[in-house]
Every structure is written in structure tokens, then in C-alpha cells.
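Trainee: Below, each chain spelled out in residue letters.
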Amino acid sequence: MIKNRYSRRNVIRGGAGFAALAFAAACTPSQPASTGSSSSSSAPANTPKKGGIVKTVYQTEVPHLDPTTETSYASHGGPGAPFSRLIRYKTGPDVEFASRTLEPDLALTWEQPDPVTYIMKLRPDAKWHNKPPMNGRIFTADDAKWSFDFYRDASNKNVFQSMFSGIQRVEAVDKTTVKITLAGPQSFFLDNVLSSHYAKMLPPDVWEKEGNFKNTVVGTGPFMFDRWDRGVKMMYVKNPEYFEPGKPYVDGFEWALQPDYATRVSVLRAGEIDYGPEPTGAQYEDLESIKKAQPTLIWDDQLRSNLYYLALNVNAKPFNDVRVRQAVSAAIDRAEIVKTVYFGDAVTSSFMPQALTDWLLPKAEIDATFGKRDIAKAKQLLSAAGYPNGVDVEFLPRISSGAEFSLCEVVVAMLKDAGINCKMKVVTLPEWTTALNSKNYTIAEALGQTSFEPDDWTYVLYHSKSPRNQSGFNDPKLDAMLEKQRIQTVVAERKQTLLDIQRYLGEQMPMVPMMYRYEHMSHFPHLKNFKTHWSYDVTYLDKVWLDK
Amino acid sequence: MIPALFGVSIFVFFSIRLIPGDVVMAQLFDNPYIDKNRIDQIRHELGLDLPVGVQYLNWLGGAVKGDFGNSMITGRPTVLQIVERFPVTIELAIMSSFLSLVFAIPVGIISAVFRSSLLDYVARLFGIIGLSAPSFWIGTLIIVLPSIWWQWTPPLSYVAITTDPGRNLLQFLFPSIALGLVMAATVMRMVRSSLLDVLRLDYIKVARAKGLPGTLVITRHALKNSLIPVITVSGIQFGFLLGGTVIMEKIFALPGIGTLTLDSISRRDYTQLQANVLFLAIVFLLINLAVDLFYGWIDPRIRYS
Chain A
1 MIKNRYSRRN VIRGGAGFAA LAFAAACTPS QPASTGSSSS SSAPANTPKK
51 GGIVKTVYQT EVPHLDPTTE TSYASHGGPG APFSRLIRYK TGPDVEFASR
101 TLEPDLALTW EQPDPVTYIM KLRPDAKWHN KPPMNGRIFT ADDAKWSFDF
151 YRDASNKNVF QSMFSGIQRV EAVDKTTVKI TLAGPQSFFL DNVLSSHYAK
201 MLPPDVWEKE GNFKNTVVGT GPFMFDRWDR GVKMMYVKNP EYFEPGKPYV
251 DGFEWALQPD YATRVSVLRA GEIDYGPEPT GAQYEDLESI KKAQPTLIWD
301 DQLRSNLYYL ALNVNAKPFN DVRVRQAVSA AIDRAEIVKT VYFGDAVTSS
351 FMPQALTDWL LPKAEIDATF GKRDIAKAKQ LLSAAGYPNG VDVEFLPRIS
401 SGAEFSLCEV VVAMLKDAGI NCKMKVVTLP EWTTALNSKN YTIAEALGQT
451 SFEPDDWTYV LYHSKSPRNQ SGFNDPKLDA MLEKQRIQTV VAERKQTLLD
501 IQRYLGEQMP MVPMMYRYEH MSHFPHLKNF KTHWSYDVTY LDKVWLDK
Chain B
1 MIPALFGVSI FVFFSIRLIP GDVVMAQLFD NPYIDKNRID QIRHELGLDL
51 PVGVQYLNWL GGAVKGDFGN SMITGRPTVL QIVERFPVTI ELAIMSSFLS
101 LVFAIPVGII SAVFRSSLLD YVARLFGIIG LSAPSFWIGT LIIVLPSIWW
151 QWTPPLSYVA ITTDPGRNLL QFLFPSIALG LVMAATVMRM VRSSLLDVLR
201 LDYIKVARAK GLPGTLVITR HALKNSLIPV ITVSGIQFGF LLGGTVIMEK
251 IFALPGIGTL TLDSISRRDY TQLQANVLFL AIVFLLINLA VDLFYGWIDP
301 RIRYS
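As you go down the protein sequences, you meet chains A and B in turn. Anchor point for the first sequence: position 357 equals 357 in my numbering, and the numbering is continuous, going up by one each time. Anchor point for the second sequence: position 92 equals 92 in my numbering, and the numbering is continuous, going up by one each time.
Bound-form chain B, shown alone (with noise of 0.2 Å):
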């Protein structure tokens, strides 16, 4: 893990600036009244001015020591403002992963079953458009269109959960639903087409000849089998979703860490950039860690010595 974040931390650091621009002309551009001497000085505040060999190893030894800087945006300290921003995103990563599972695990197994009909054909066509439909047309569409239809709008300004979780809950459901559909187009299809797999084995065929009823043949038996797959694709798009909100974040304007990680790139806050990539490869990695162990839960046949 160690090794990868070190590649993530170079990446990261290096290829922000290969932008042209820098965070002063970003932030500076529509200034008329600034002249060179103020940027170079504001670029020299900020250490821009020393190379970027030691830009990194400034900010590496601080990185190791839990010190990630200060945005040079807002000067708050990067962590603070990670700290302040991602519970917005766990929470619509939650509700979306919650509600695509909640939606395709059912419509998969119906799929399945009731292979090659209607059922069948209605659900794999919500697959194709859910895979084709891109989530931020769902969720403009989610705003746009109740507003010229009935002058209505879902709720779009943030309420903590912990102030009013009624309201949160309402917040979050609409682009949770925008994100979930699309997520569960893939899983749909992922459950359908491992549980016809599952379907097809001896000891499928063994359970019905004892004559246990259907339902508990593909509940007991064929549903479990079929879900390994399924966790490893609900597991990348979990941790996809914990960076790739960015769009739903901004059409909803819910304040997570996808608008402050989108912010920093066009304002080329790369303090804040760095924390941001690096917080979020340590999540996405152990996202990946929680999945194998839940394999080694779920499937005794997998062991890991």
C-alpha cells in the first residue's frame, strides 16, 4: 500500500503541473488591477518559486508527518476542509451503492429466472439504457424537468443530517437515485448473467429434484454463488464513487469532496489537490482490502493463509 501511494503522491504532484497556469493566474486572471511584482511576490509566499524537486520533498516531509499544508486557496489546512466535505460524499456513495443493490439484485434474479421474457426484455433494456444514460443527464433531468412541469424542485440546499435528518435524507435521495440507476444497470446485469450461470450447475438441478420450492432453490442456494462477482463490481464502484461524484455534487450542490477536488484542479490549488488524490487512493485501497476479506466471508472455499 505503502508503494502505491508513494506512485500516487508523484503522480499527483507532478502532472497538476504540467497544467499551464499556475494557482495565482487561477486565481488572479480576471484581476485588473495586479501587477508582476505582487504575483511573483504571492508566488514566492507560496513557494512556487523553488523548484519542483523541492516542492516535492518539502511537502513529502510534511506528508509523512500528517502535515498535507494548507490550501493555497483558502489557507485552511487541507485535511480540515477533507474532513469537512467527505461525509457528504460518503453519504451519497451509501445511499447510491444502497439503492442500486436494493433495485438490481431483484431485477437480476427476476431476469434471470424468468429468462427470455418480457421481465427478461424489460429489465436488460433498463440495462442498456442505464449503462448508455449518463448519470449527470439523469440527474439535470431530476431537477429540470419537475421544475417546468409542476414548479418543483427536490431539496438543493445542504442540510447536515445530524441538524435535520428528514431533510438530508430527502437531499441525498434524488441524485442517489440518479447515481444508483445508473450503477445498477451493471450490477443487474452482473447478477443476471452469474445466477444463470449459478443456475445451470448439477447441484441447482440436485436441490430441485429433492423438491425444494423455487424460491429457496435460488435464495439458499444459487444466490450466494452468484453474489461473489457482484461484490467486486459493487466494491469499484463504491470506491469510484467516492472520487466520480463530482457532476452529481455539482447539479445537487451538495458540498463533497468531488466539487473541492474539481475546484482545486481548475483553481490549481495543488496543496489541496494532493491531500485530496492521496486521502482518496488510501480509501479506494482500503475499499479493495474490505472487499477480498468480505470474499473470504462470504465463499469458504477462498482462504487466504
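Chain A extracted, bound-state conformation (with noise of 0.2 Å):
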């Protein structure tokens, strides 16, 4: 029996002093992670290189293979590789992120004889996968044209009828052209419809055969379906009759998927992905161990699309008032949440992100209306409207954890001192979809959509018809311009429209605007002459090559 030399006094100090040092190195704040733009996509094309297999981690289990039921990302990220669009947005080393350049796909060239018709000619080679039951038959007109048909028909599972009503009629004209009727003028059927993420052809073949398309994925992509397995990863392998001749370099790509962030990133770290992680990157603070781990890692640094504001409920007390919406809004102070709580990995916004640099209000303007928090004019507006001791209301954050819920102690507090007393109720993702869309909140935290089109910033948000309309703003003079830009086809004409719609808005404030976040997507140097972009698929993998 070995004798007791160590008193429960003297190991109690020495546990002590040991939690005291972890304690103490835990606490030690580490250096801020460096944010702004250190994009520099990899270097021009070299001669590609021939072969290997891409690798990346995503987030979410896809239910099934059907992209016609689905709208996420992960329905459409990868997955929707195998599949083609008749035009799509250009990408590239040499391309903006947030670019809308349109280029060919399955359309060679296009015409536009008058407003609300659409002539596409399609690639006289461009072939189905060859695997049953297309067996590598050619893309036709005809299928274009049951694409199209297949989207409008509201009798089958497809979530996308109302993304394609203004279609009137299609037809194949002969082979090689679709002819597209509008049922009026759209300024971007072009270029937020026929090249959306959405508009994938589908094999008519398939739906025949199985009536959906949960589990045959037959596509004229650069990238055929191979396997499938359950919650670990999905394969894709190149499609060796790609339209585009050469094309892939690579043998196909990796899908795998890690539902945990921290895991995603430590992938990162060792090194066992060639870039990403899927879908939005590394967040700010995980930037500088990555860096230190990888130095070799090439980052390309864009704000993203997805806006976060405030929804209000302009139905209800007290935001049917325009003056206590202007008071929420004057509350806010956009630049102090970019720095406590994304600590400078954002940015303030308006009603339109960033990129859409052709569109926006001048910044004099932007700044005038978002620029300064004015408690003192929050507190006059407030007692203007009836709320001269402030009104208590029921706050809804989007989710219940993390930087974004962060963004909700503030945001509340904030608003505490204009006299906006916010009682928080956290739910579930859902509960909160479910309650803005039935309208049943009175204010909430929302995070915006992935999109560089116009419209889906005003029509789509503040129309009184459209379903994504959650504050219930229903104005008149309001519908009129969003209608009106939404057939200006003379872009002159349109910027115009939306410049007064934004003006509007500033004064109508239906929703508080906040700020767009940073997303940092990186990949390895071996990994050529690839460089992200907004668009809503993983075709541009379709250009790039390993060089290990």
C-alpha cells in the first residue's frame, strides 16, 4: 500500500492553481481576425491539368434528389450540377462575385423581337447524360418546351408555378428554337428567371417513366449523378459528352456532408477539402487559425447577399403608425452592431444589397436615412404617434443562438432607449416562418434572401400580392412603381423606378434595413482557375483543375 505523502489539502491547491492557468489561457483574447476584401482568385488559366476528384463539405442533408420540390441550397448546390439552364451567369476567375453577366448554356444565342417574346436557339449537340432512360439523347426544343411546362403546371409537386406565370406560351418552333411568349413585359425574365438556379431542364424521360424525380438525376450537365450515400456524402463524376468540348478538367467533385460548423472548418484546417467550406465559408473568427494553419489558402472575401433587418408588422400596433416604424429606424445604430457584434465583418446596408451598385440611391442619400442613430428624433416620433411613455411590443429573433441572436440582445437594446420595449420570444426556425408568413408577430429579426436582383428586393418584399410580402404593407402608389419597374425594359427607365421606389420606402419603412455580412470562401492552390460566385449552383466547377 503505497503511503499517503499527499495530503487532500495539498492536491486541492494544486487542482486549484491548474484550473486557475486553464482558466486564465482560455480568457486570453485572441488577436480579431482580419476582415475586407484579401481577394485574389487563383492565377489565370495555366494549361489545365486532367483528372482528380474536387472535395468539399456542406451543411444539410438533402431529403431526396428532386430539385423541383426543393428550393435550399443544399437541393440545389451541389445537386444541381448535373443540370443545365437555357442561359446562365457567366463565372469565372475573371468574374465579379456578385456579377449577372449572362452567357450560354443550353441557348447558343437569344433574341427578344418585341417586349414579351423570347427566341433561343439551342446547341445542336448538347446531349443528355447517357444513362437510362435519356441514354444520351440530344436536348431538344421539345424539352425545353416540357421544362417550361412542366413548371407552369400547378397539377404536379413542383413549387415553382408562380417563379414562371408570366409565361404565357412555349414553343418548338424546330429543334434547335424555343419560342417564349411572356403574358407581359418582364425587365428580368432574362436574367432572374431563364437563368435562375431554378430553371433547370428536366428529363422528361424520367417523369414518364417514375413520376418524379426523387431518385433518377439525368441532367446535361458538366457533371453526372453517381452515388448517393445516406447522409455521408454525395459523388458526382464528369459527363464525358459535355457540351462545352474539354470540359470538366476534373473527374468529378465531392460532396460530403458535416452538419457541425467547427468540423467544417477543421476539414478546412487539415487540409482534406480543396475549398469552402460550403455554403457561406469560415466566419470572421475562425479566419486567423485557418490562416495560421493554411497560409497557403487563397481567400476570396464578399459581402453577401442576404440581408438582415427588421421585419415589422404594418397591421398592427404599434407599427400601422409610419412615424413609430421611423422611430425603430432611427433607433438603430448600424454601425455599432457592425463593430460589437461582427466586429467589422459587415456592412450597413439599405433596402438593396451593396452589389447592386447600378441600382442603389446615391450614398449621400443611403446615409441620410441610415446613416446616424437620432434617439432624440426616435423619442419625438414616438410621442408624435401616441407613445409619449413608449409601448412595450413582442420580439421575435430568427434563431436562438450564436452571433445573429447576438444581433437581437442588441438590436433590443437599443431600441430600449427610445422608449421600444422589446419582451423576446425565442422559437424555433419554423415558428418563425410560420408567424411572419401568417403575419402573426409584431416585430422580428429577419435574415433576407440570396439574390443580386431588384426585383426580389422590392417587388417580392413589399408588393401586396406577393407572398414574401411579411410586413403586409399594402399601398397602392407603392404597387404601382413595383409593377411599373418590373416591365421597364429600358434600363434607364427602370433604375429610375427603383430609385424612387427605395425613396419611398425611406419614408414608408415597412422594414428596418441593417447590414450584409462577409462571406470568406477559400480554396488551395492546387486548385486552379476557380473563384466562387453568388449563383446558386457549383457549375463553375466545371472550368477548374487540380494541380497537386
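Check each hint, because a few of them may be wrong.
[As the list claims (entries may be wrong)] Only some residues are given here: those of chain A computed to face chain B with a beta carbon under 10 Å: (1) 232; (2) 265; (3) 270.
[What the hints assert, rightly or not] Per label pair, the in silico range of CB-to-CB distance: (4) A/154 with B/289: 48 to 56 Å; (5) B/285 with A/335: 53 to 61 Å; (6) A/112 with B/141: 53 to 61 Å; (7) A/226 with B/289: 38 to 46 Å; (8) A/416 with B/162: 58 to 66 Å; (9) A/547 with B/66: 51 to 59 Å; (10) A/336 with B/232: 53 to 61 Å; (11) B/44 with A/480: 35 to 43 Å; (12) B/18 with A/113: 56 to 64 Å.
[To be verified] To give an idea of the interface, some chain A residues facing chain B are shown, with a C-beta separation under 8 Å as derived from the structure: (13) 61; (14) 63; (15) 64; (16) 230; (17) 258; (18) 259; (19) 262; (20) 266; (21) 269; (22) 293; (23) 431; (24) 434.
Just so you know, the hints here were simulated from the structure itself, not pulled from any lab data. Glycine included, every Cβ here is placed at the ideal spot set by N, Cα and C.
Mind assembling these two chains? They're in different frames, but the hints should get you there.
Mentor: See below:
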């Protein structure tokens, strides 16, 4: 038996000392991660090398493979690679992240003889993947017509009817010519409908045979679906008969599931993936450790198009009064939120993303509306609205953890200074969505959509008939302007209308915009010709190659 | 057992429907294009527009015939999805339990035998840390710290044991360590406490007085009696592991029944969740039965008429 040379007192002292050291080490603040653009895409093309599998990780398991019943990035990111559209956004190392330049996909050329007619001339050599039941046959105008008719058909289970509802009819003029006639002009038809990641060309024979697209994936895109290890990963292989000769250069890509964010970042640190992590890269607090672990990583710091804003129910007290809505906006210190919640890794915003430079109000006007906090003005507005002693409201945060919840806590504190006393009601995300969609809320923190099309930031959010009009704003004057910009095909005219809309929104404040965050995607130098793009899929992987 | 399962089925069926939102909203909440007609149509197809009692009776009618329905999200049979996922969870549970026992029993013995020594204090400190530290925190550190220090992570892409046994076991080793360490803390303390009680008994004194070596006294005479409460604890821990490895499965990207259950809850996949919980209840009850039967084998004093 060992003699007891260690008294209980000494052991406790030693343990306490160790714990104190460990606590001190944990509390030592790390240097804040550097932010701002350090973007340099990989070097312009050298000679592409063939072969290899590109690897990345993503966050959420898809329920099935049918792209017509799901809208999430998980279902359209990697899983979108086997499909093509008629036209697509140009991507590549020389293309800006927010660029909306269009280029041919299945359609080689297109023309618009009148405001409601589009003539699309298809590639004569584009083929379906050489898999049953399409078996590598040529993609024809009939296939395109079938796809658009499918999307417009309310009797099948696809969820995109309203997106294509502006199409009056689609005709296959000949094997390579598709004529699309709209019910009325749409200024964004090419660059927000036809080129949308949701406008995939679908394999008709799969539908005829199986009645759904859940299990069989056949497209015309650069990659073919290979297999799905449920809960583990999806594998895609190159399409050897892709209509762009020589591409893709890689043999395929691996889309591995890693639900936990810390794990996704760890595999990047360990060099287990070639780029990512999907969907939005690393968060600012991890940048330093990642850069230290992998100094050769090439970073692409971009502003996300997702807007953080405060949704206000304009049909319920107190936000049925525009003065109270204005008070909310005046009480928010956006610059302070960017500094304290996001450590500078965000930018303040107006009603549309900063990247939409062609459509935004002049900076001076934006700053005048959103630039500075004015508590005195907020209180004055509240008092004029009949709330001299403040008002109590229920505040609905979107999620209950992380930086976004910290944002809510800061906002609630700022509103309190103005006399708007918020009682937080924490709910699950589907409950939050249900509350906003049914207008069963008072004020809520919200996160906007991924889009660089002005219509998505105006008509979709504020038109009285739009299902995404969360505030319930119903203003005939605004509706008229929103409908007008939809059909204005002359850019200068549309821009003027959009400027007028933004000014009117600034007066009415149906929602209170706050900020956008940066996205920090990175890739290893051996992944050549790579640059991310805001569009919702990864078909830009057809341009990359591996040089290990 | 049947009444218990019946009660579980009622509880889970109605409790999940108390959560606001349903599978339709959970699936389509970020869809900017859906309209109310389509939402109502989907609800009708899934039978969600029927009274809740009718929904339960419809489901029960299928369940007693072995048909637990299809997942409301994937459309695949719920039983098939359980069969696919359960081997992952059971492998994790077995390895975790094995590691915890391999570690905890010897440490517990040493701690009891060398009571109040440095070894004992270290072991008890480990016990306190193990009881305090969440397994998911340990699991996260196992992944994050090596990636920072050595740019290395354990294997994180699941491979079935039949495909590549070596890689499979290596992948399961790390989450099993994380889970096993936490379990081991409880088991170690139980072994220590139980062994100390047994070592005080007269028959142990007689064994020592007869001149038996200390090792034999412990292993042949004391240990078997002290393991009875350990079996209880380990059995319960194993049962909880089968339903409680959710976070570990998520961190280590293991496609087990834990993540299936978590996804079912967050997506309001009622049928899948009902099938999962019922299945886990059955397994838990069977494990308890096995533990009770094992008592009878290990301790002749316990017999069931």
C-alpha cells in the first residue's frame, strides 16, 4: 500500500492552481481576424490538367434528389451540377462575385423581337447524360418546352409555378428553336427567371417512367450524378459528352456532409477539402486560426447578399403608424452593430445589397436615412404617434444562438433607449417562419434572401400580392411603382423607378434594413481557375482543375 | 412491455404535434414561391388535415401490422431508414461502452485498492472531470485541436465496417473515446464505491487471513460482487447511448439513428420520429430485460421464479 504522502489539502491546492492557469489561458483574447477583401482569385489559366476529384463539405442533408420540390441551397448547390439551364451567369476567376453577366448554357444565342417574346436558339450538340432513361439523346426544343410546361403546371408537385407564371406559352419552333411568349413584359425575365438556378431543364422520360425526380438524376450539365451515400456524401463524375469540349477538367467532385460547423472548418484546416467550406465559408472568428494552419489558402472575401433586417407588422399596433416605424430605424445604430456584434465583418445597408451599385440610391441619400442613430428623433416620433411614455412590443428573433442572436440582444437594447420595450420570444425557425408568413408577429429580426436582382428586393418583399410580403404592407402607390419596374425594359427608366421606390420605402419604412455580412470562402492553390459566384449552384466547377 | 410501448406511442404522437409548425412549414419555410393552395394540397396528401385522433388511429392500425409508414420528408419507409442507420449507432454504442469499461474497471479497482493515495486522487479527479465535461465538448476538441496544431483530423467520412474495417474502426475510435470517457467517469466511481463496500466484508478478511494474494482476493472474490451495480449503470448508459448519441453523430458526421431522430424533430417528420422513438423504446426495454437476466446469471443469489 502506498503511503499517503499527498494530503487532501495539497491536492486541492494543486488542482485549483491548474484550473486557474487553464482559465487564464482560455480568457486570453485572440487577435481579431482580419477582414476586408484579401481576394485574389487563383492565377489565370495555365494549361488545364485533367483528372482528380474536387472535395468540399456542406451542411445539410437533402431529403431526396428532386430539384423541383425543394428551394434550399443544399438541394441546388452540389445537386444542381448535373443540370443546365438555357442561359446562365458567367463565372470564372475573372468574373466578380456579384456579377450578373449572362452567357450561353443550352441556348447558344437569344433574341427578343418584342417586349414579350424571346427566341432561344439551342446548341445542336447538347446531349442528355448517357444514363437511362434519357440514354444520351440530343437535347431538343421539345425538351425545353416540356420543362417550362412542367414548371407552369399546378397539378404536379413542383414549387416554382409562381416564378414561371409570367410565361403565356412556350413553343418548339423546330428542333433547336424555342419561342417563349410572356403574358406581359418582364424586365428581369432573362437574368432572374431563365438563368435562375431553379430553371433547370428536366428529363421528361424520367417523369414519364417514375412520376417524380426523387431517385433518378439525369441532366445535360458538366457533371453526372454517381451515387449518394445517405448521411455521408454525394459523388458526381464528369460528363464525358458535355457540350463544352474538354470540360470539365476534373474527374468529378465529392459533396460530403458535415453538419457541424466546427468540423467543417477543421477539415479545411487539415487540408482535407479543396475549397469551402460550403455554403458560406468560414466565419470571421476562425479566420486567424485557419490562416495560421494553412497559410497558402487563397481567400475570397465577399459581401453576402443576405440582408439582416427588422420585419414590422404594419397592420398591427404600434407599427401601423409610420412614425413608430421611423422611430425604430432612427433608434438603430447600424455602425455600432457592425463593430460590436460582427467585429467589422459586415457593412450597413439600405433596402438593396451594396453590390447592386447600378440601382442604389446615392450614398449621401442612404447615409441621410440610415447613417446615424438619432434617439431624440426616435423619441419625438414615438411621442407624436401617441406613445410619449414608450411602448411594449413582442420581439421575435429568427434563431436562438450565435452572432445572430447577439444581434437581436443589441437591437433590443438600442430600441429600449428610444422607449420601445421589446420582450423577446424565442421560437424555432419553422415557428418563426410560420409567424411571419401568417403575419402573426409584431416585430421580428429577419434574414433576407440570396439575390442580386432588384425585383427580389422590391416587388417580392413589398407588393401587396407577394407571398413574401412579411410586413403586410399594402400601398397602391407602391404597388404601382413595383409593377412598373417589372415591365420596364429600358434600363435607365427602370433605374429611375427603382430609385423612386427606394425613396418611398425610406419614407414608409415597412421594414428596417440593418446590414450584410462578409462571406469568407477559400481554396487551396492546387485548385486552379477557381472563384466562387453568388449563383446558387457549383457549375463553375466545370472550369477548375487540380494541380497537386 | 406492450402497455409501455402503447404509452410511448401516444406520448410521442401527440407531443410532437404540440410543437408549432408542421412538416409542410418545416420543408417549405424558405420557399419564396409557394402559395397557400399548394401548402393545403401537401397537407391533404400527408393526411395532416384529418383530426389528430384519426391520424393516430390510422397510424396505429398500420403499426400493429408492422407498417410504420413512410417518412414525410423523404417518402421512404421509416423502417428502412432505421435499418440503414441503426448499425452505425449500435457500433458507436458498443465501442463507447467497451472503451468505458476497459478504462473504468481497472481505474476503479486501483482507486479503491489504493484508497487515499495519489493514484486515488488522480482517478477521482478524472471522475469529476468526466462527470462535468460534456461529451460533445470533448468530441469537438478531438476534432478542432489537432486541426489547429497538426493540420490533422480523424477520419470523418463514414465507411461501413464491411467495406473497410480498419478505417471504420479508426473513425469510430474518436467519438467512442469522447463518449466513453464521460461514461467511464460514472462507471469508475461506481466500481470504486462498490468495491470499497465489498472489501470491508468479513469474507474478504477471511480470504486475506487464509493468505491469498491480494490480486486473487480482488479479482476472484471481491470484483464479481462489486460489479452488480456496475452492470446496472452500464446497461442504462448503453440504452441511453442508443438514443443519445445525437450530438456526437453530428460532430463526427456519423449517419446514425441519433441524427435521423434529430432531423425528424427539426423537420417535423412525424412518421419517422414516431417510428424512431418506438424502436428505441423497444430496444431500451430489451436491454433492461437483458440486464435483469444477466443479474441472475452473475449472482446466484438472485433467481426468478
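Trainee: Evaluate each hint against the coordinates.
Mentor: Do the hints match the structure? See the list:
Checking residue 232 of chain A against chain B by beta carbon gives a least distance of about 5 Å; that is within 10 Å, so the hint holds. Because the closest C-beta pair between residue 265 of chain A and chain B is about 8 Å apart, less than 10 Å, the hint holds. Given the 10 Å rule on beta carbons, the hint for residue 270 of chain A holds: about 4 Å separates it from the nearest Cβ of chain B. At roughly 54 Å, the beta carbons of residue 154 of chain A and residue 289 of chain B sit within the given window of 48 to 56 Å.
Separation of residue 285 of chain B from residue 335 of chain A is about 59 Å and conforms to the stated range, judged on CB atoms against 53 to 61 Å. Under the hint 53 to 61 Å, the C-beta atoms of residue 112 of chain A and residue 141 of chain B, about 59 Å apart, fit the expected range. Checking the proposed 38 to 46 Å range against residue 226 of chain A and residue 289 of chain B shows it holds: the Cβ atoms sit about 44 Å from each other. The hint said 58 to 66 Å for the Cβ distance between residue 416 of chain A and residue 162 of chain B, and at roughly 60 Å that hint holds.
Under the hint 51 to 59 Å, the C-beta atoms of residue 547 of chain A and residue 66 of chain B, about 55 Å apart, fit the expected range. Our hint of 53 to 61 Å for residue 336 of chain A and residue 232 of chain B holds, since their Cβ atoms are close to 56 Å apart. A hinted range of 35 to 43 Å holds for the C-beta pair residue 44 of chain B and residue 480 of chain A, which are about 37 Å apart. A beta carbon spacing of about 58 Å between residue 18 of chain B and residue 113 of chain A agrees with the range 56 to 64 Å that was offered as a hint.
For the restraint placing residue 61 of chain A at the interface with chain B, the shortest Cβ-Cβ distance is roughly 7 Å, inside the 8 Å limit, so the hint holds. Because the closest C-beta pair between residue 63 of chain A and chain B is about 4 Å apart, less than 8 Å, the hint holds. With its C-beta approaching chain B no nearer than about 6 Å, residue 64 of chain A sits inside the 8 Å limit, and its interface hint holds. For residue 230 of chain A, the suggested interface contact is upheld, since its CB lies about 6 Å from the closest CB of chain B, less than 8 Å.
For the restraint placing residue 258 of chain A at the interface with chain B, the shortest Cβ-Cβ distance is roughly 5 Å, inside the 8 Å limit, so the hint holds. With its C-beta approaching chain B no nearer than about 5 Å, residue 259 of chain A sits inside the 8 Å limit, and its interface hint holds. Of the supplied interface hints, the one on residue 262 of chain A holds, with its beta-carbon coming within about 5 Å of a beta-carbon of chain B, less than 8 Å. For residue 266 of chain A, the interface hint holds, since its Cβ comes within 8 Å of a Cβ in chain B; the closest pair sits about 4 Å apart.
With 8 Å as the threshold, the beta carbon of residue 269 of chain A comes within range of chain B, its nearest partner Cβ sitting at about 4 Å, so the hint holds. Residue-level restraint check for residue 293 of chain A holds (minimum Cβ-Cβ distance to chain B is 5 Å; threshold 8 Å). Hint on residue 431 of chain A holds. Least Cβ distance to chain B is approximately 4 Å, under the 8 Å limit. Nearest Cβ of chain B to the Cβ of residue 434 of chain A: about 5 Å, under the 8 Å cut. The hint holds.
Violated hints are absent here; each numbered hint is respected by the structure.
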